[in-house]
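Novice: Below are the chains, spelled out letter by letter.
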Amino acid sequence: MKLFKGSSLMVLLLAFVVVLSACGNSADSGKSSDSSNADVKITLLNSKGEIQTQLEDAAKAFHEDNPGITVEIQAVPTGGSPFERASALYASGNPPTMIMMDTGDVEKFKDRVLDLSEEKWNGDAVVNATDLTTFDGKNYAFPLAIEGYGFIYNKAVVDKAVGGSFDPSTINTTEALEGLFKQIEASGKKALVVSPMDWSLGAHYLPLAYAGQNKDMAEVNKFVDALRAGTASIADNKVFNGLMDTFDVMMKYNIDKASALSSTYERGPELLGKGEVGIWFMGNWSWPQISSFDTANGEYGFLPVPISNNAADYGNQEISSAVSKRLVLDKEKATPEQQAAAKKFLDWIVYQDKGQDFLVNKANIIPAFKNITIPAADPLGKSIQDYISRGKSEQSMSALPADHWSILGASMQKYLAQSGDRALLAKEIEEYWKTAK
Amino acid sequence: MITEKGVWNRLRLRLLFTGPTLFTFITVMIIPFLYGIYLTFTNWDGISTTQTMVGFQNYGAVFRDADFWKSFGLTLKYVLFTVVFTNVLAFLLAYVLTKGIKGQSFFRAGFFLPNLVGGIVLGFIWQFIFNNVLVYIGQQAGIGIFSASWLADPDKAFWTLVIVTVWQYAGYMMVIYVAGLSGVPGDVLEAASIDGASGWLKMVKMTIPLMIPSFIVCIFLSLQRGFMVYDVNLSLTKGGPFKSTEFVSMHVYQKAFLSRDYGVGQAEALVLFLLVAAITLLQVYFSKKLEVEA
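Protein sequences, first through last, are from chains A and B. Heads up, the first sequence is in our numbering, so the first residue is 1 and it goes up one at a time. Heads up, the second sequence is in our numbering, so the first residue is 1001 and it goes up one at a time.
These are calculated hints, taken from the structure and not from any lab test. Just so it is clear, the structure is predicted and the values come from calculations on it, not from any experiment. The C-beta atom is built at its ideal place from N, Cα and C for all residues, glycine as well. A portion of the hints provided could be inaccurate.
Unchecked claim - Just some of the chain B residues that point at chain A, by a computed CB distance under 8 Å:
(1) 1048
(2) 1049
(3) 1053
(4) 1148
(5) 1149
(6) 1155
(7) 1254
(8) 1258
Stated by the list, open to error - Calculated pairs, DSBU-like style, for lysine-lysine (alpha carbon to alpha carbon, straight line, at most 35 Å):
(9) 1005/B / 434/A
(10) 48/A / 1238/B
(11) 160/A / 434/A
(12) 108/A / 1156/B
(13) 182/A / 222/A
(14) 1156/B / 48/A
(15) 257/A / 1102/B
(16) 427/A / 1070/B
(17) 1238/B / 427/A
(18) 1102/B / 222/A
(19) 238/A / 1238/B
(20) 60/A / 108/A
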């Protein structure tokens, strides 16, 4: 007992030392191994789940070209948002070297990420690619991918419906769209499938009502500001009502009309690919899933979402597209070697054959760089590139408030399930904007 | 019993045993909690390097956030149904499975099993059942109530959450009730039988009063779990359809991390903490008064 008494303080101290040193070690181990070795290890947080394996392969290819650099690809858990994951990793003091983010998130992180204005690729980026990530004249993000969305059609189905080769340019009014739906139904197939996910309805469909206001983005921003101030009305807005008229038509011909909300994302590519429906409202990112059911020999394309019955109105011939995913480089925990390695990785994507091959052919991404001349690898990417090159592209709303898709997506679901009418939807949109951040 | 002489000696010995736990408790519970309270007075968005003090503005926002109170009301309704159904079912199961029927250990293990499955996995399994299996059966057999997915209808989606929760927790509570039932002294019941008490009378007048401690624990646990539910809510309905089944934990999380309103989210979390603490403390306080000695 005496021995115990004397030694108890020491045991106690020892216990604390063990606990504390354990903490200290784990925090330091990452760095010490980096500086002691010539090899640099960098990490990339991937928020495009569908290209996880392609990115891992690209990391291997990059490692072959640059044996000193290892890139580890981390994934954002399915359904999680890149912002949530990245802020959690920052809070734990363990941020990845590179983070793939949505456009609207970049501003929040600008104090913590590197200024990339001096990088060579800035000069080769397509028009407007870095506008939304430039603050005080400094660009903070690498534009990784252009994505676009609209009505995807299965050419085999619509060819049969119109009795000949289908010409997408004939669909430029709501009436023409309904006519096509009728023709498809008459040919014995279902017209379309409406996927009821809140992100699809809230982040893609509804924002067409804002973006379609004017060809000039500055005017669109003014409209959004007026919504925030409560001075603009959505209820009697022409574009909004036209867009919702089209939505009414979509609801009427929806294959899942009986229980509109029980459909899932996975159902869309299956029905479209197998040719059970002719049309699906979605974007080019869904190509890998469609191709696994493909029965139309890879012939698919986009139709615009019409907002009126006047073919000349802006939006009736345009496809919504924008740079959607960005890469930012951490400046807080990443060492100068890691930062240099990460910059090298970005250059590799833009300027090396293997990098370009990964981007366009492997990951099916539409690049945001003029110097990459490889044509898109898949029919949906090709279709979007075609619209862009003909000047028929409408800038997507990629910097909406973070909870827009969730809150107004729910309002759209309510409309889709016919639990609320258009007046309620308009009221909820106006209410949302008054309190939106 | 600490018998050491002198304040320093006593403190030293206390620290030897409680020190490590105390250290962990303070660093991972108390400090984050206090820091959280501090954050309720700022307008932090969760990531920026600067934060401004905004006083009690966030608390004002909590009381103006109609969706928060709506989701709190919905959570209360959910808690009411899950607490009642879980405990009634758990007690019945425990009663039947202490009668000495054949294979009762096997049944006990079977009913306990859902607890071993994590909430997220469980949510996905039931999502598949409600979205596909039941709909398929409903359509093939022409059972109207199952022919469309329950998860697409606000009311039915709420009941799926109640059903899955009761199914998950009833087995766990059953184990506690089994222990409580076995603890009821046989001689008391025997004496009651000799005095001519029927089975029902014995149950109401003897067994249940003697099992009050089990009820306190079970109701406390199911209350607390009901209020804090998140995993099943997330994986089964994601708060849908159109946010009609968004319980309060999910709302707080979305406020903080989705709307990037960390200060308000944190303030809502604190308000929720105070409300739940008050409700559970009251429950324990009042049910303690019902305790009797054999």
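Novice: Take the hints in turn and mark each one as holding or not.
Specialist: The hints, checked one at a time:
1. With a least beta-carbon distance of about 6 Å to chain A, the hint placing residue 1048/B at the interface is held under the 8 Å criterion.
2. Because the smallest distance between the Cβ of residue 1049/B and any Cβ of chain A comes to about 4 Å, under 8 Å, the interface hint for this residue holds.
3. Taking 8 Å as the C-beta contact cut-off toward chain A, the hint placing residue 1053/B at the interface is violated, the least distance being around 18 Å.
4. Checking residue 1148/B against chain A by beta carbon gives a least distance of about 4 Å; that is within 8 Å, so the hint holds.
5. Because the smallest distance between the Cβ of residue 1149/B and any Cβ of chain A comes to about 4 Å, under 8 Å, the interface hint for this residue holds.
6. The interface hint given for residue 1155/B is violated, since its Cβ lies 11 Å from the closest Cβ of chain A, which is over the 8 Å cut-off.
7. A hinted interface residue such as residue 1254/B counts as satisfied when its beta carbon comes closer than 8 Å to some beta carbon of chain A; here the least separation is about 7 Å, so the hint holds.
8. Satisfaction of the interface hint for residue 1258/B is found here, the shortest Cβ-Cβ separation to chain A being roughly 5 Å, below the 8 Å cut-off.
9. The hinted pair formed by residue 1005/B and residue 434/A fails the criterion: a straight-line CA distance of about 68 Å is larger than 35 Å.
10. Restraint check for residue 48/A and residue 1238/B: satisfied, since their Cα atoms lie roughly 21 Å apart, inside the 35 Å limit.
11. This hinted pair does not check out: residue 160/A and residue 434/A have alpha carbons roughly 48 Å apart, beyond 35 Å.
12. At most 35 Å may separate the alpha-carbon atoms for a hinted pair to count; residue 108/A and residue 1156/B exceed this at roughly 39 Å.
13. Simply put, residue 182/A and residue 222/A have alpha-carbon atoms about 38 Å apart, too far for the 35 Å limit, and the pair is violated.
14. Taking the CA atoms of residue 1156/B and residue 48/A, the gap is about 33 Å. The hint holds against a cut of 35 Å.
15. As the CA atoms of residue 257/A and residue 1102/B are separated by approximately 51 Å, the hinted pair breaks the 35 Å bound.
16. Among the hinted pairs, residue 427/A with residue 1070/B is consistent with the structure: their alpha-carbon atoms are about 18 Å apart, no more than 35 Å.
17. With a CA separation close to 24 Å, the supplied pair residue 1238/B and residue 427/A stays within the 35 Å bound.
18. At roughly 75 Å between alpha-carbon atoms, residue 1102/B and residue 222/A are farther apart than 35 Å, so this suggested pair is violated.
19. Of the pairs offered as hints, the one joining residue 238/A and residue 1238/B holds, with about 33 Å between alpha carbons and a cut-off of 35 Å not exceeded.
20. Between residue 60/A and residue 108/A the alpha-carbon distance is near 31 Å, which keeps this suggested pair within the 35 Å criterion.
Hint compliance for this structure: hints 3, 6, 9, 11, 12, 13, 15, 18 are not met, and every other hint is.
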